[in-house]
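Which chain is which? The protein sequence lines are P and A, in order. The letter at position 102 of the first sequence is residue 102 when you use UniProt numbering, and the numbering goes up by one with no holes. The letter at position 175 of the second sequence is residue 175 when you use UniProt numbering, and the numbering goes up by one with no holes.
Quick caveat, the hints were computed from the structure, so don't treat them as lab data. Note that the structure is a prediction, hence the values are computed from the model and not measured. Incorrect hints may appear among the rest.
The list that follows gives simulated cross-link-like pairs (lysine-lysine, DSS-like), each with its CA atoms no further than 25 Å apart [as the list claims (entries may be wrong)]:
{"#": "1", "chain 1": "A", "residue 1": "210", "chain 2": "P", "residue 2": "89"}
{"#": "2", "chain 1": "P", "residue 1": "82", "chain 2": "P", "residue 2": "31"}
{"#": "3", "chain 1": "A", "residue 1": "126", "chain 2": "A", "residue 2": "345"}
{"#": "4", "chain 1": "A", "residue 1": "210", "chain 2": "A", "residue 2": "126"}
{"#": "5", "chain 1": "P", "residue 1": "82", "chain 2": "A", "residue 2": "345"}
{"#": "6", "chain 1": "A", "residue 1": "338", "chain 2": "A", "residue 2": "210"}
{"#": "7", "chain 1": "A", "residue 1": "18", "chain 2": "A", "residue 2": "345"}
{"#": "8", "chain 1": "A", "residue 1": "126", "chain 2": "P", "residue 2": "82"}
{"#": "9", "chain 1": "P", "residue 1": "31", "chain 2": "P", "residue 2": "241"}
Listed below, chain by chain, are the residues.
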Amino acid sequence: MTTTRQDHDPDEVILECAAVSRWFGGLQALKGIDLHIHRGEIFGLVGPNGSGKTTLVNAITGFYPPQQGEIRYRGERISGLKPHRIARKGVARTFQNVALFRGLSVLDNILLGRHLFMRPSILGAAFYWWWAEREEVAHRGRVEEVIDLLQLESVRDEPVDVIPLGMQKRVELARALCAEPGFLVLDEPMAGMNQEEKEYMVRFILDARDAMGTTMLLIEHHMDVVTAICNRAVVLNNGEKIAEGPTREAINDPTVVAAYIGRVKDAA
Amino acid sequence: MFYRQSGIHHTRYAATRKLWPLAADRRLLGGLLALALLAPLLLPELYLNSYLAPWLIWTAAALSLTLLMGIAGQLHFGFAAVMAIGAYTSIHLARAGVPFELALVGAGLAAALIGCVFGAAALRVKGLYLVMATLAMQYLVSWVIINVPAISGGAQATLATPEVRLLFIPLDGDTALYYTALGWTLSCTLLLLNIKRSSVGRALVAVRDKDFAAAVIGVDPLRYKLLAFFTSSFLGGVSGAILAFCYYQAVTPEQFGFNVSIQLVAMVLVGGLGSVIGAYLGAGFILLLPIVLTNLLAWVAGLELFPVSFNLIAHIPLMVYGALIIAVILFEPLGLAKIYDNIRKYFLVWPFRHAQR
Numbered sequence: 001m002t003t004t005r006q007d008h009d010p011d012e013v014i015l016e017c018a019a020v021s022r023w024f025g026g027l028q029a030l031k032g033i034d035l036h037i038h039r040g041e042i043f044g045l046v047g048p049n050g051s052g053k054t055t056l057v058n059a060i061t062g063f064y065p066p067q068q069g070e071i072r073y074r075g076e077r078i079s080g081l082k083p084h085r086i087a088r089k090g091v092a093r094t095f096q097n098v099a100l101f102r103g104l105s106v107l108d109n110i111l112l113g114r115h116l117f118m119r120p121s122i123l124g125a126a127f128y129w130w131w132a133e134r135e136e137v138a139h140r141g142r143v144e145e146v147i148d149l150l151q152l153e154s155v156r157d158e159p160v161d162v163i164p165l166g167m168q169k170r171v172e173l174a175r176a177l178c179a180e181p182g183f184l185v186l187d188e189p190m191a192g193m194n195q196e197e198k199e200y201m202v203r204f205i206l207d208a209r210d211a212m213g214t215t216m217l218l219i220e221h222h223m224d225v226v227t228a229i230c231n232r233a234v235v236l237n238n239g240e241k242i243a244e245g246p247t248r249e250a251i252n253d254p255t256v257v258a259a260y261i262g263r264v265k266d267a268a
Numbered sequence: 001m002f003y004r005q006s007g008i009h010h011t012r013y014a015a016t017r018k019l020w021p022l023a024a025d026r027r028l029l030g031g032l033l034a035l036a037l038l039a040p041l042l043l044p045e046l047y048l049n050s051y052l053a054p055w056l057i058w059t060a061a062a063l064s065l066t067l068l069m070g071i072a073g074q075l076h077f078g079f080a081a082v083m084a085i086g087a088y089t090s091i092h093l094a095r096a097g098v099p100f101e102l103a104l105v106g107a108g109l110a111a112a113l114i115g116c117v118f119g120a121a122a123l124r125v126k127g128l129y130l131v132m133a134t135l136a137m138q139y140l141v142s143w144v145i146i147n148v149p150a151i152s153g154g155a156q157a158t159l160a161t162p163e164v165r166l167l168f169i170p171l172d173g174d175t176a177l178y179y180t181a182l183g184w185t186l187s188c189t190l191l192l193l194n195i196k197r198s199s200v201g202r203a204l205v206a207v208r209d210k211d212f213a214a215a216v217i218g219v220d221p222l223r224y225k226l227l228a229f230f231t232s233s234f235l236g237g238v239s240g241a242i243l244a245f246c247y248y249q250a251v252t253p254e255q256f257g258f259n260v261s262i263q264l265v266a267m268v269l270v271g272g273l274g275s276v277i278g279a280y281l282g283a284g285f286i287l288l289l290p291i292v293l294t295n296l297l298a299w300v301a302g303l304e305l306f307p308v309s310f311n312l313i314a315h316i317p318l319m320v321y322g323a324l325i326i327a328v329i330l331f332e333p334l335g336l337a338k339i340y341d342n343i344r345k346y347f348l349v350w351p352f353r354h355a356q357r
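Using the sequences and the hints, build the whole thing.
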């Protein structure tokens with residue numbers, strides 16, 4: 001659908017990984033990964049299970065800082081910073097297993113996405129009527145825009161753990177979008193969804209990119225989705241980059257096919 | 001029935017965050033508040049200063065602890081030590097001639113600073129290890145208070161509270177003490193309610209529920225854990241000072257022993273973790289139930305139907321109290337607050353059965 005669309009700007013690099021390596025004990029999960037993600041693009045990150053996709057994302061968002069190499073966001077080094085510092089720079093993400101705050105309502109979960117822009121303090125809460133309320137109302141307005149965009153109006157006041165998984169994934173996307181990130185990592189946003197929910201999610205991702213101009217990194221196992229919405233893609237296998245380029249070319253690369261389903265000569 | 005929601009239409013965002021959107025709740029609260037304000041006129045002195053005042057003060061303490069345990073999710077098994085620091089600080093400051101208002105702030109700050117030192121352990125450990133760290137605080141603080149004569153006034157000593165004035169009104173007589181306690185508890189209540197509906201409360205809950213997901217939206221988990229320890233210890237310290245001045249009117253180290261910490265944890269757990277109304281219900285339950293039971297047993301013994309030993313009278317309340325804690329936690333893990341909520345929901349949709357929020 002949009003593979004031919006060149007609405008991203010190849011001259012402006014938003015996120016750059018330079019020779020990023022990460023070990024877990026004796027296991028090298030990432031072997032010198034180089035990446036350039038351009039402004040406005042949806043960048044696919046695919047590969048078989050255990051190939052290092054989530055490790056790379058965890059390196060970018062600061063949970064497992066790379067032991068070698070450097071990650072730069074808008075030219076500024078972010079590798080080595082704590083996750084909440086990286087979030088403050090404008091990098092947001094969703095998780096493969098939905099990571100919502102179960103004790104809160106859908107609305108409060110999404111409002112937490114505005115945390116970066118609010119000035120939470122005990123005194124502000126103590127003098128709520130004169131202090132915190134104005135801020136709450138202002139940010140509620142922004143949150144309602146995102147609720148509108150992702151069509152979450154009907155579940156707004158529900159506790160977040162009683163709504164269906166597809167909705168929960170959407171709430172997580174809404175929470176990430178509320179932070180108005182410059183770069184958004186979506187870690188398998190369609191895992192466990194049926195075809196209809198998948199298509200909804202694809203539309204929401206495209207809508208969000210168009211409405212907010214967010215650059216995205218998408219990890220996904222559904223190849224139809226990846227080819228449909230990703231401008232470019234990188235394929236990882238065993239921590240190594242085995243293919244890179246426009247999505248369709250990258251995932252049709254013979255080494256990629258071999259990594260997923262084995263070589264023809266190995267077939268019984 | 002009473003709580004019908006139809007006819008409430010929110011047209012402004014601020015209105016959706018009102019504390020009590022239902023008229024029935026507001027009427028109930030107004031009635032309770034009026035009763036609380038008129039209590040010195042309505043109740044005999046005995047009930048006022050040996051039932052109502054301690055209930056209110058322990059509620060304030062339970063509210064302080066529920067901020068830490070329920071909202072921020074950090075277990076604390078040494079909260080009596082926090083209150084002890086507040087109580088002793090306020091007494092020493094008041095004796096040194098510091099105005100009572102400042103002595104209360106000093107009590108809160110001292111408790112908060114020392115609480116934070118131990119709370120710093122919370123930045124590294126979770127769960128049972130945090131319980132151990134806070135238990136260590138309980139014993140260390142108790143030991144220091146008992147063994148430093150400058151604090152405790154000597155071995156086995158009791159420090160009487162000096163005469164003080166709060167906002168130019170002398171704190172003598174049951175009415176003044178009662179109103180002080182009421183004022184503090186209501187302030188704590190409003191603070192907690194407002195924390196829960198504003199950004200700082202959401203950040204605390206986020207760190208409690210999933211600290212990695214909190215970090216990814218920019219919440220610094222360490223900062224908020226420490227903030228929870230600071231605020232909760234501050235409130236606990238002031239509650240300890242209020243307890244000393246408005247109820248005991250003298251302090252000894254035994255008033256803030258380990259059993260008191262456990263009692264506080266029980267108040268929070270039985271009442272319902274993180275719930276404001278739960279703190280009221282939990283404190284009332286833990287404090288008043290043994291008294292009611294003792295009176296009941298004394299009455300049964302007075303009937304002389306069968307021999308009741310003094311030993312039995314002393315021990316049955318403890319047993320019933322333990323059994324009830326187990327029962328609440330087994331059958332309603334969210335505590336008395338949830339039971340109240342269930343009753344409220346029942347009336348919300350009566351005569352139908354299915355509640356929609």
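Quick rundown of the hints versus the structure:
no.	hint	verdict
1	A:210 to P:89	holds, 21 Å
2	P:82 to P:31	holds, 22 Å
3	A:126 to A:345	violated, 35 Å
4	A:210 to A:126	holds, 13 Å
5	P:82 to A:345	violated, 44 Å
6	A:338 to A:210	holds, 23 Å
7	A:18 to A:345	holds, 19 Å
8	A:126 to P:82	holds, 19 Å
9	P:31 to P:241	holds, 8 Å
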